[in-house]
Amino acid sequence: MMKNSRTNFPNLLIISVLIALFSFSNSSNLLASSDSGDEQKEEGATDFIMHHIADDYQWHIVTLGHTHVTIPLPMIIYDHGELKFFMSSDFYDEHHEPIAHEGYMISHGKLVRAEGGHGAADSHGESDGHGSDDDHGAAADDHSEAKSDFLNLSITKNVASLLLSAVLMIVVFTSVAKRYKNGVAAPKGLQSFFEPIIVFIRDDIAKVNIGADKYQRFMPYLLTLFFFILFNNLLGLTPGAANLTGNIAVTLCLALFTFFITQFNGRKAYWMHILWTPGVPLPLRPIILVVEVIGIFTKPISLTLRLFASITAGHIVVLSIIGLGFILNSLALGVVGTLFSAIITVIEILVAMIQAYVFTLFSSMYIGQAVDDGHH
Amino acid sequence: MDLLTPDTGLFIFQVVAFLLLLFLLGKFAWRPILDGLKEREETIETALLSAEQAKKDMEALNADNAKLLAEARSERDAMLKEAMAAANKIKEDAKEETSKIASKMMDDAKASIEVEKKAAMAEIKTMVAALSLDITEKVLRKQLGDDKAQKALVDEYVNDLNLN
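Protein sequences appear in the order of chains A and B.
So the number in this note's numbering is just where the residue sits in the first sequence, counting from 1, plus 25.
So the number in this note's numbering is just where the residue sits in the second sequence, counting from 1, plus 20.
Among the hints, a few may not be true.
[Unchecked claim] Covered stretches of chain B (in silico footprint by chain A; criterion: 3 or more residues with CB under 8 angstroms from a CB of chain A, positions within the stretch not fixed):
| no. | stretch |
| --- | --- |
| 1 | 25-36 |
| 2 | 52-61 |
[What the hints assert, rightly or not] SDA-like, lysine to any residue: derived pairs with alpha carbons at most 25 angstroms apart:
| no. | chain 1 | residue 1 | chain 2 | residue 2 |
| --- | --- | --- | --- | --- |
| 3 | B | K47 | A | L189 |
| 4 | A | K232 | A | A395 |
| 5 | A | K206 | B | K47 |
[Claimed, not checked] Here are the in silico distance ranges between beta carbons for each label pair:
| no. | chain 1 | residue 1 | chain 2 | residue 2 | range |
| --- | --- | --- | --- | --- | --- |
| 6 | B | E65 | A | I222 | 17 to 23 angstroms |
| 7 | A | L307 | B | F43 | 42 to 48 angstroms |
| 8 | A | D115 | B | F43 | 31 to 37 angstroms |
| 9 | A | E127 | B | L40 | 28 to 34 angstroms |
| 10 | B | L88 | A | A237 | 44 to 50 angstroms |
| 11 | B | E65 | A | T263 | 37 to 43 angstroms |
In case anyone wonders, no lab produced these hints; they're calculated from the structure.
A virtual CB, placed ideally from N, CA and C, is assigned to each residue, including glycine.
Full structure from sequences and hints, please.
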């Protein structure tokens, strides 16, 4: 009994500190943004949630009072044949208000071309941060114009998180792989944690859906896909981390990988099934053809949206519950909300795993349909 | 709506990073892991199969041993039986022989007794005849007048005879 409690105590401490840190890092922003009028408070809460879900040009860790602890990230812009490098800190003044730099500025979380270069910076400086409505409109117009104007390859918070998780994955899995290179041995350490998952993906996802004779070719893709989503889902739940798998560009990219792999591996039976479905009366075939062709594209769309929506929704729920205490300005609700958001976060861990599984499962099913030889 | 608009820069980074991950992990992680897993599974399967085979061999060996034992036992029984039979036969034979010999000896003894008896009888007959002749001769020779003297004489001779 004594021994048990002794070993559990540090764990409990770590968990409570993490929870506290999580709620603190998330809520401090809200606290800062919600110190004036009621209307602005709610708006501030939405902004706060959106800010945490959307991408950013700097990595905001925590706000202590009025001091923002942020890591500036490099910005890379490809503008009419020339590459430009900046730091995101160049775009903010000492009061953390956006300013124009070298003809660009960050407006509403988007990098846009500043109108008239330094002139815009001056006008911003005069308006002191929160620009007037006119300014916003101009920025929005600029943004829609500028979208095709230059290519923004900045290392945003999401890109940084992506690169970090990629490095983490390579480190973890090459170290796991090392154990297999020295001949047959019993699983140990990290290996014994990941091996059952790998075996599960191989036996219960790939082999079942693709077929025992063809699954091997797709194993590297399915494993990379699964662990990429899992790692980033879980990393996204840590305090201050980026919401990478809740970003539609990322989920779209993953869905497109599955889409292209499916189409490029489509056998005769697959295309026959889509273009001239067997066993269907002739007059119905053109209609089925249309439905099947639409079906090709709904698959990646559903993959994209499912992962994006699940992860984003989870984050919104957690952030909303935390924000509730601040909107209603109630300490009791804040305490309950923090506890409740901790519970939701635990559920989110489950969702993180389920979504990784589901994405991999559906990918393998689509690939399985494509590579099927059609003897059924 | 911003949330639903994919960001070009992030998309490009995602494509590049994922392709890189696919290549690096595929080469340095998944292949060794999957190969290692396969190798281990095969090793375990072979080990299990060979253990099963060894068990079967052992069983077969045991069965063989039992069979051999049973054979040996039955052989021993057969030999024992044979030996017993042989011994009995020898005993029987011996008994028969013995009784034959005994009866033959008996027969021989009887025959020789008969012969002896006949010879004795013949001797007795000749002796009786000789004695009768002797007595007759003595009786005739004395020719005493009185019956008393004759009788005494006969007694005397008969006594003499008995003394022989």
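Worksheet item: K47 (chain B) and L189 (chain A): Cα distance at most 25 angstroms?
Response: The hint holds at about 20 angstroms.
Discussion item. Can you tell me whether the CB distance of E127 (chain A) to L40 (chain B) sits inside 28 to 34 angstroms?
Written reply: 30 angstroms, holds
Practice prompt. May I ask you to test the hint 31 to 37 angstroms on the CB atoms belonging to D115 (chain A) and F43 (chain B)?
Written response: Once the Cβ atoms are compared, 34 angstroms apart, the range 31 to 37 angstroms for F43 (chain B) and D115 (chain A) holds.
Worksheet entry | Check of the stretch 52-61 of chain B against chain A for coverage (Cβ-Cβ below 8 angstroms, three residues minimum) | With 8 residues close enough to chain A, the hint holds.
Discussion item. 44 to 50 angstroms was suggested as the range; check whether the CB atoms of L88 (chain B) and A237 (chain A) agree with it.
Written reply: 46 angstroms, holds
Worksheet item: Between E65 (chain B) and T263 (chain A), is the Cβ distance one that fits in 37 to 43 angstroms?
Response: 41 angstroms, holds
Fill in: 25 angstroms Cα cutoff - pair K206 (chain A), K47 (chain B)
13 angstroms, holds
Worksheet item: Measuring from beta carbon to beta carbon, are E65 (chain B) and I222 (chain A) in 17 to 23 angstroms?
Response: At roughly 22 angstroms between Cβ atoms, I222 (chain A) and E65 (chain B) fall inside 17 to 23 angstroms, so the hint holds.
Worksheet item: Do three or more residues from the stretch 25-36 of chain B put their C-beta atoms closer than 8 angstroms to C-beta atoms of chain A?
Response: holds (count 11)
Worksheet item: Is the hinted range of 42 to 48 angstroms satisfied by the C-beta distance from L307 (chain A) to F43 (chain B)?
Response: For L307 (chain A) and F43 (chain B) the Cβ distance comes to about 47 angstroms; the hint holds.
Worksheet item: Do the alpha carbons of K232 (chain A) and A395 (chain A) lie within 25 angstroms of each other, as the hint requires?
Response: 14 angstroms, holds
Comparing the model with each earlier hint shows no violations; every hint is respected.
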